[in-house]
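Single-letter residue listing:
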Amino acid sequence: DVKVTQSSRYLVKRTGEKVFLECVQDMDHENMFWYRQDPGLGLRLIYFSYDVKMKEKGDIPEGYSVSREKKERFSLILESASTNQTSMYLCASSFLYDYGYTFGSGTRLTVV
Amino acid sequence: LAKTTQPISMDSYEGQEVNITCSHNNIATNDYITWYQQFPSQGPRFIIQGYKTKVTNEVASLFIPADRKSSTLSLPRVSLSDTAVYYCLVGDRDSGAGSYQLTFGKGTKLSVIP
Chain A
1095 DVKVTQSSRY LVKRTGEKVF LECVQDMDHE NMFWYRQDPG LGLRLIYFSY
1145 DVKMKEKGDI PEGYSVSREK KERFSLILES ASTNQTSMYL CASSFLYDYG
1195 YTFGSGTRLT VV
Chain B
235 LAKTTQPISM DSYEGQEVNI TCSHNNIATN DYITWYQQFP SQGPRFIIQG
285 YKTKVTNEVA SLFIPADRKS STLSLPRVSL SDTAVYYCLV GDRDSGAGSY
335 QLTFGKGTKL SVIP
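Residue numbers (the working numbering), protein chains in the order written: chain A, 1095 to 1206; chain B, 235 to 348.
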């Protein structure tokens, strides 16, 4: 069964910490995405990548960075975690010219 | 990307057919219509995609009128397990690489009642 795997289901970090969220897909997809989802705000795109070492800003990139060193792995980095980054983070992937995304189960991050 | 408008919530009894309509008045010639389903505490799941007329798969049907300014997702004989949020999205199929990102709205929360 093809899938997108996010490294942690739940994560608790302290304010100011550097946080890494990892996402791995096994479908040989070119596109990978990071979204965050908050009650009342829906899903918002943080960053996406359509090739190794390529990255594009989404709607809310401030406070985040990403890394894509290998095709199957896309990492989201919170350089200095803040409480307003407490959220559900969702990773997704798709083929290059395809809107049929496969999402991971999400990482619920709490910053205290 | 064309903006979409859909109802915030809907209720339905088990066994009924549910139709969720999405408005996309500014849809462009090359845009495709895509629907996702999201259960609580899970990531969204792709349901169906179409360009015009009717598309059907094992989960749902998608009806798109000739002017393409709206689309209707039809779920036959819903059960309690169909309770979820349903998102309608529009995207340009002929965009270049790096353009296939989707902007999700707030979706339609469907509640199926026993």
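FYI, nobody ran anything at the bench for these hints, they're computed from the structure.
Treat the hints with care, since some could be wrong.
Unchecked claim - Lysine to aspartate or glutamate pairs mimicking EDC-like chemistry, simulated, CA-CA at most 16 angstroms apart:
# : chain 1 : residue 1 : chain 2 : residue 2
1 : B       : 343       : A       : 1153
2 : B       : 340       : A       : 1132
3 : B       : 237       : A       : 1132
4 : A       : 1097      : A       : 1166
5 : A       : 1151      : A       : 1166
6 : B       : 286       : B       : 316
7 : A       : 1147      : A       : 1124
8 : A       : 1147      : A       : 1132
What the hints assert, rightly or not - Below, a sample of chain B positions facing chain A; criterion: calculated Cβ distance under 8 angstroms:
#  : residue
9  : 266
10 : 273
11 : 277
12 : 284
13 : 285
14 : 290
15 : 291
16 : 315
17 : 334
18 : 336
19 : 340
20 : 341
21 : 343
22 : 348
For glycine and all other residues, C-beta sits at the position ideal for the given N, C-alpha and C.
Tell me, which hint numbers fail for this structure?
-> Numbers 1, 3, 5, 6, 8, 10, 12, 13, 14, 15, 16, 21, 22, in rising order.
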